[in-house]
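Sequences are here, hints too, so could you generate the full structure?
Residues per chain are reported as follows:
There are 4 protein chains.
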Amino acid sequence: MLFEKIKSDILAHNSYIIGAGGEAAVIDPRRDCQVYTNIAEAWNMKITGIFETHKNEDYVSGSRELARPTGAEILHGRREEFGFGTGVGEGEMFGLGSIELEVLETPGHTQESISLLLRDRSVSDDPLMVFTGDALFAGEVGRTDLAGEDQRREMSEMLYASLHEKILTLDDGVIVCPAHGAGSVCGGNIGDREYTTIGFEAATNRLLSLEKEEFVEYKVNERLYEPPYFAKMRELNKSGPPLIYNLPHLRAVSARDIRSLVDQGAQIVDIRSPTSFAGGHIPGSINIWRTGLPLFMGYFLNYEDPIVLVDDFNLDLDHVVRHFVRLGYDNITGYLAGGFPAWFKQGERSERTGVWSPGDLAENLDDPSVYILDVRNINHRDEKGYIRGSHHIYVGHLEEHLDEIPRDKQIVVHCDAGFKGSLAASILQKHGFRHVTNLLGGTLGWEAANYPLIRERATLAAVPGGAT
Amino acid sequence: MLFEKIKSDILAHNSYIIGAGGEAAVIDPRRDCQVYTNIAEAWNMKITGIFETHKNEDYVSGSRELARPTGAEILHGRREEFGFGTGVGEGEMFGLGSIELEVLETPGHTQESISLLLRDRSVSDDPLMVFTGDALFAGEVGRTDLAGEDQRREMSEMLYASLHEKILTLDDGVIVCPAHGAGSVCGGNIGDREYTTIGFEAATNRLLSLEKEEFVEYKVNERLYEPPYFAKMRELNKSGPPLIYNLPHLRAVSARDIRSLVDQGAQIVDIRSPTSFAGGHIPGSINIWRTGLPLFMGYFLNYEDPIVLVDDFNLDLDHVVRHFVRLGYDNITGYLAGGFPAWFKQGERSERTGVWSPGDLAENLDDPSVYILDVRNINHRDEKGYIRGSHHIYVGHLEEHLDEIPRDKQIVVHCDAGFKGSLAASILQKHGFRHVTNLLGGTLGWEAANYPLIRERATLAAVPGGAT
Amino acid sequence: MLFEKIKSDILAHNSYIIGAGGEAAVIDPRRDCQVYTNIAEAWNMKITGIFETHKNEDYVSGSRELARPTGAEILHGRREEFGFGTGVGEGEMFGLGSIELEVLETPGHTQESISLLLRDRSVSDDPLMVFTGDALFAGEVGRTDLAGEDQRREMSEMLYASLHEKILTLDDGVIVCPAHGAGSVCGGNIGDREYTTIGFEAATNRLLSLEKEEFVEYKVNERLYEPPYFAKMRELNKSGPPLIYNLPHLRAVSARDIRSLVDQGAQIVDIRSPTSFAGGHIPGSINIWRTGLPLFMGYFLNYEDPIVLVDDFNLDLDHVVRHFVRLGYDNITGYLAGGFPAWFKQGERSERTGVWSPGDLAENLDDPSVYILDVRNINHRDEKGYIRGSHHIYVGHLEEHLDEIPRDKQIVVHCDAGFKGSLAASILQKHGFRHVTNLLGGTLGWEAANYPLIRERATLAAVPGGAT
Amino acid sequence: MLFEKIKSDILAHNSYIIGAGGEAAVIDPRRDCQVYTNIAEAWNMKITGIFETHKNEDYVSGSRELARPTGAEILHGRREEFGFGTGVGEGEMFGLGSIELEVLETPGHTQESISLLLRDRSVSDDPLMVFTGDALFAGEVGRTDLAGEDQRREMSEMLYASLHEKILTLDDGVIVCPAHGAGSVCGGNIGDREYTTIGFEAATNRLLSLEKEEFVEYKVNERLYEPPYFAKMRELNKSGPPLIYNLPHLRAVSARDIRSLVDQGAQIVDIRSPTSFAGGHIPGSINIWRTGLPLFMGYFLNYEDPIVLVDDFNLDLDHVVRHFVRLGYDNITGYLAGGFPAWFKQGERSERTGVWSPGDLAENLDDPSVYILDVRNINHRDEKGYIRGSHHIYVGHLEEHLDEIPRDKQIVVHCDAGFKGSLAASILQKHGFRHVTNLLGGTLGWEAANYPLIRERATLAAVPGGAT
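Chains as they are written, first to last, in the working numbering: chain A, 926 to 1393; chain B, 926 to 1393; chain C, 926 to 1393; chain D, 926 to 1393.
Derived from the structure by calculation, the hints contain no laboratory data. Glycine included, each C-beta is placed from N, C-alpha and C at the ideal position. There's no promise every hint is true.
What the hints assert, rightly or not - Listed next, the stretches of chain C that the computed footprint assigns to chain D, with coverage defined by at least 3 CB atoms under 8 Å from CB atoms of chain D:
id	segment
1	1043-1055
2	1093-1104
3	1119-1127
What the hints assert, rightly or not - Chain D is nowhere near these chain B residues, computed Cβ spacing over 10 Å in every case:
id	residue
4	Thr995
5	Gly996
6	Phe1007
7	Gly1012
8	Glu1079
9	Lys1137
10	Glu1138
11	Arg1148
12	Gly1190
13	Pro1208
14	Tyr1311
15	Ile1330
If you want it as structure tokens, here you go:
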């Protein structure tokens, strides 16, 4: 029996390929989908089925892309019309050799969400695994806010029912395979277990132990961020996203050309680290470090203007390109040939960002000309505490709140580590703020250097994501 | 939390790397161990611990090899003296960030066998996973015959106790991570589930539902093969195997040189498919197809004489070399440059093997000059049935039973598919049998072509391995 | 200065990328063209120009494919209309930083053939290199037969003039970079020097020392083979070949499906070695070994019916696919999942081919029921000699001459090594010949085993290609 | 005929593999030598000979390393005793199939320097290529200063004789294959042609047109730098360098550990770009950007203390390690796990370097508290001009001239681009200079921004290397 989890790194999206008897199925494929056909080839299997557990909102579905070379059938929940594939409903069965997949309708995250129960009939009629999509994660449950505030309560009630009537009724020993892992924006606080089980979740996932009313109340009031690109993804994944055939090929952009590209509205994305960006960068560029791209590009980049990457040594850009393709940014266009140094070798002015170590901030904490801006997500701030005197705007919402920030002060941005702080600094500089400084190490470094954080209240909401 | 299963293909050996908080441990590492340091590097972790769940007999342990560049501590069960590492016992705890590993002594397969219980204290005190080594597999339990016939009953009783007192008392939702998967020679009939759980095994693994006496009786009478190389592995893995530092570099051997190498006792291994070997091969070579190497080289190759490989296009030999290194065949020396065609371009005589399709055998089934030799394992023959008139000698035991085979007849060997049949044919030809024919497709092809197999009795013993 | 030769293996097609000052040009790009953009990326250069030294007949031009992502201009000789690009003429100059390329019109192989003279103005006004396309090779000159018999004399005269008036007038120290290397079907007998010079060719290339009349006479009478696919290539390369965007993705074809594919006219290509094919193959398949594909597929495959590959272990098929794409076989469709053994595991009948070692043929040389068929090219037969009693039909022409071969005899085919012999055997079996045997080792093995070849006459024509 | 040039990037060391008839030889192999056996494998050749054209001083010879797995014979000039291999002299011949290599003794760079003349006897008795080691390069000739000042005149005279009596007497069409390309520290100003010829060099290499006295005078007075590691290389390459077997495996060093490593004398090498280093770095680290390592590590690193690398994302460190191994730095030990951000996440203080764009320097050119320090090589300064008021110390000599630099001023270092400037800045900071600023873009950026450079005299000495 073939069973493999394919993780799209950083995005923390899980897809699965399973198979037996020469036939395989893929659950929630990503758009750069050759990985699945390669696995099937190694196992001498044909991919005959593609399942969408729900209409994804955080990445472009690869179903159509994968159906093209394989001829596989696309299947999704029947409670919503898709522009492609076939709707399936409760209790429908699909066979792959001795393996059998049974559809469980598990609405709540979306209306048409399904889970898939896997049995290996050659072994037993007991189910072995359940693919829960965005209904149940390790230590978390699916978001119910994305259908809109007006439907949030209803979706939460449906999710409660799906969890308690469909999923938790399975045996404790059933392995749970969710569509996302830790770090995903699709769950408030997904655990970093690679695998979990019904029994382990029932015992440890505190959301599963809530009574229905508590649960719904929690879900209705949960504070979650929705990156703007989610809307685009829902639209694409409903209608059927454009086929790409292969990964785009980035053009080399010379330092001479980049200026005119910027004048034409190109989006310059500096994928280097906070200190690299701070030491010098192209004015107007924004700094989303290479491993932060899947999480933050969707807040700041549009789908029309060409995107040009800036790195120092242009290493492994092929992998970077995948992040853009997975989120539908087919306007990824080029990279600065020669890296950022090509910019300054031409005599161009390099813009800098200030950087402070914790000691620097501590010395200036009471300086009235210093404005401390915390750009972490609000749960993190509430949970972990904050630096005295700091103001808060989430980095993803910064551009909508610029007028709250004084232009005559030195703005010291910080997050929990320094990466999101540098992103925020780049946004401020792009919008004309002159004196912008990033706190290296953020609150992590601050505490490590023995400076205090203020904690006011404890909340149920946990802290998502790793420190970057 | 880092959790990754590293599978050594075909050998079906599972090793695991787990980690948290910047520290990682490897369980049962293989000898070509860079895979672990690469993963640790990608996760920014240091490997600090290496566990041996038991003194392995089917591959060379990579513990010492991995300890060299990492400085990690090697830990194994304390009930036997090893030439390296530190003994650990029941209840000892090891921390990796928030992860905790607890030692369970689970003797039965060997005296010093241990299992490791994993908890993530940042989530819960409930265990999440158990690494069971060779105590419990998916659908199978460990072998108890390898310590010798005299200890078999005692080992079986210990294993029963280990299973029922230590492992099955865990929660149903605990994920089971064994040291072997389907196809391994370390279990009679390991299931091909990639993951399983205590609950699923308790419900479906028929050996776990036996009463103690039934269980012991079954284990004492179980028919299993022990490849001769197991003895060498036990010896190496007890004393500490030699370090290799890197994979050996194969020398190109010219067609001119190969004859003198053979005269000096070199072992010529033809890694091609049955029909490739049948169409022409070097006299005296034995045919272990490239994906059968880990399973059969240990029956036929010695550890002294140089081993030279023969392929047609010499593709991906780097991977082939790994199979030899994993089994300690550091006498792997070279490959025939130019492939088998270099042999016949020199005007050398190519030896052939006969091949028959099922229809050919059916026509000659009653010919008294035809001697049909079934080389499958005995359980397979008993379970699946046999071709009328066929005699049985397991391929791995062929060289000890050559005098049972008539030299004046046409020997038609068969297995279940054709690969082991070709291996058997090559052994016979090497030992001077003149008229040797391999049945392409074996019993699988025979049945597919609608010819009958005779089944005499049903047994509890199941059929291991896939058809090759 | 960037200078790199990119060789398409086996096809022996050379393309070149050169550049300086951030700009690069590619000469005669192949269709799988990412290799050029990767090099340009590593050198921080933009590809701005693409040159076609002539309308190629042996592979699909990659000019349009490469122009798509790079935006580079395509340039070719102006004496013929192309469906794309711009015509250039004698003396036109193109700059890449300090490098200058000068067009020399050098007709003869085709009307619009050009050579390109390279100078590095930062060093000297003396030319450093000349890209001669198909005008001058190492030890050979271009073919003049492809424009048709009626134009052969005129083309030969033009080629003589191009060589002696344009190319040989360059300094002895100028490095010669031709469009093909040894083994190419584009020259009778190209030398295997990787690089050569005007001086070395002037001194050693015997065709350059001929007087005009001798030269023309030689070229008009030269015996060369024209694979049927050349016509398709000329047509595509004139009009502009279809864009592929990326390499096609092969479908896994199950053993169950392959029979119906054959019924629908699919072309089954067995890419294994002669003995592999001989030991068993799918009836109706033809045997072009994997490294012979670029040289022989163009004789036997059509551009309409789907092509399905058969190998044993399906290794490195990605590379194999490139050969098909380079020759425009976009109908390459799939591969037999599980390899040839999947065929016989289903109980299907495997067809065999006889194989003989030299001694077998020697014993039967006078048997009247044996018909010896030599399928080497005629120059090889004339030059190296033949086996007594053998008949000759070139393997590429075999299908047109089947009625010359007796159907009631045992046909023993041979070439110089065994590969083309196996190809010929497969063609005969496909056309219903029953008793077909391939001589392993061919004439090479025959001589190595000390059997005689008969030589009747010496010719000027040399022997192309290596022994396969 | 196999002919392939293997370039060790950045070091600009060329080695060659040539072969025919199943046998190959390697000329001047590097230490990470698997590249040669891989090529030989692909060509079905055995490496039987290894040539050292001279006792190399800029890298560790790979001859012994390559002889180990291949069994090939090592050959070098007989005029000096080596600790390994066999001495060969004028006129000795070595065969590889139809290829013949003839030894020419060509002293001058070293006493035992040899060149190798290649003929392909199957084609002609005319030589096709000459491997000139460090005697003749494209546009340059070998250094004669490395044997010491006292022997410089004599070595120069010998070189003149070798060039004019042995090499230039060859035919114009002979291809010249030197041991170094552009950028190497082994020649003042090697051209960037990938290939050249006797004829092209005779016509364009201005050193070849000098009379003997002029030539010797030029060579005796030529200003060249000798990195300190050359002495170590000569010693190793004479005695036979230690075998490594494989590339070393870097240990992950945690941010917690790095401080104590530094206390124990570890050498911290920050391989990031100038702006990355400027934005924040570990105090005491030196900044040799990843593509500058082969050229500058030999000036600043010792062979005893452990070397630890710092990058941002730890990309492609395997390739970086090769640079250290090639120069014999077997004390390369580890890398900072998590990259530089791991440093500041721990709350550690990050040291910064100032960076100026050209406009910043222009505004402060007359500020008496600013000390401008030009660290380019002296030829570059003389040839290209200098910034008004700047002082000069070559970066490689900086540590010996620290007392010339005022400690109470702001030191603005610059090179021609910004990389060597950042290296110099890191050296100054390591030695306690507080106010250090690097001019981004160096003189290139300065001129590009339309600020003037002062040129005082023209010299024959040309400018080596690219701008970094």
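Hints, verified against the model:
1. 1043-1055: Since three or more residues must qualify, the claim that chain D covers the segment 1043-1055 of chain C holds, with 6 doing so at under 8 Å.
2. 1093-1104: holds (count 5)
3. 1119-1127: holds (count 9)
4. Thr995: Answer for Thr995/B: violated, closest chain D Cβ roughly 7 Å.
5. Gly996: violated, 7 Å
6. Phe1007: Phe1007/B clear of chain D: closest Cβ-Cβ about 24 Å, beyond 10 Å.
7. Gly1012: holds, 26 Å
8. Glu1079: holds, 43 Å
9. Lys1137: Holds, because the least Cβ-Cβ distance between Lys1137/B and chain D comes to about 48 Å, which exceeds 10 Å.
10. Glu1138: holds, 52 Å
11. Arg1148: Since the minimum Cβ distance to chain D is about 43 Å, Arg1148/B lies beyond 10 Å and the statement holds.
12. Gly1190: It holds; Gly1190/B is separated from chain D by about 19 Å at its closest Cβ, greater than 10 Å.
13. Pro1208: holds, 22 Å
14. Tyr1311: holds, 45 Å
15. Ile1330: holds, 39 Å
Of the numbered hints given earlier, the model fails hints 4 and 5; all others are met.
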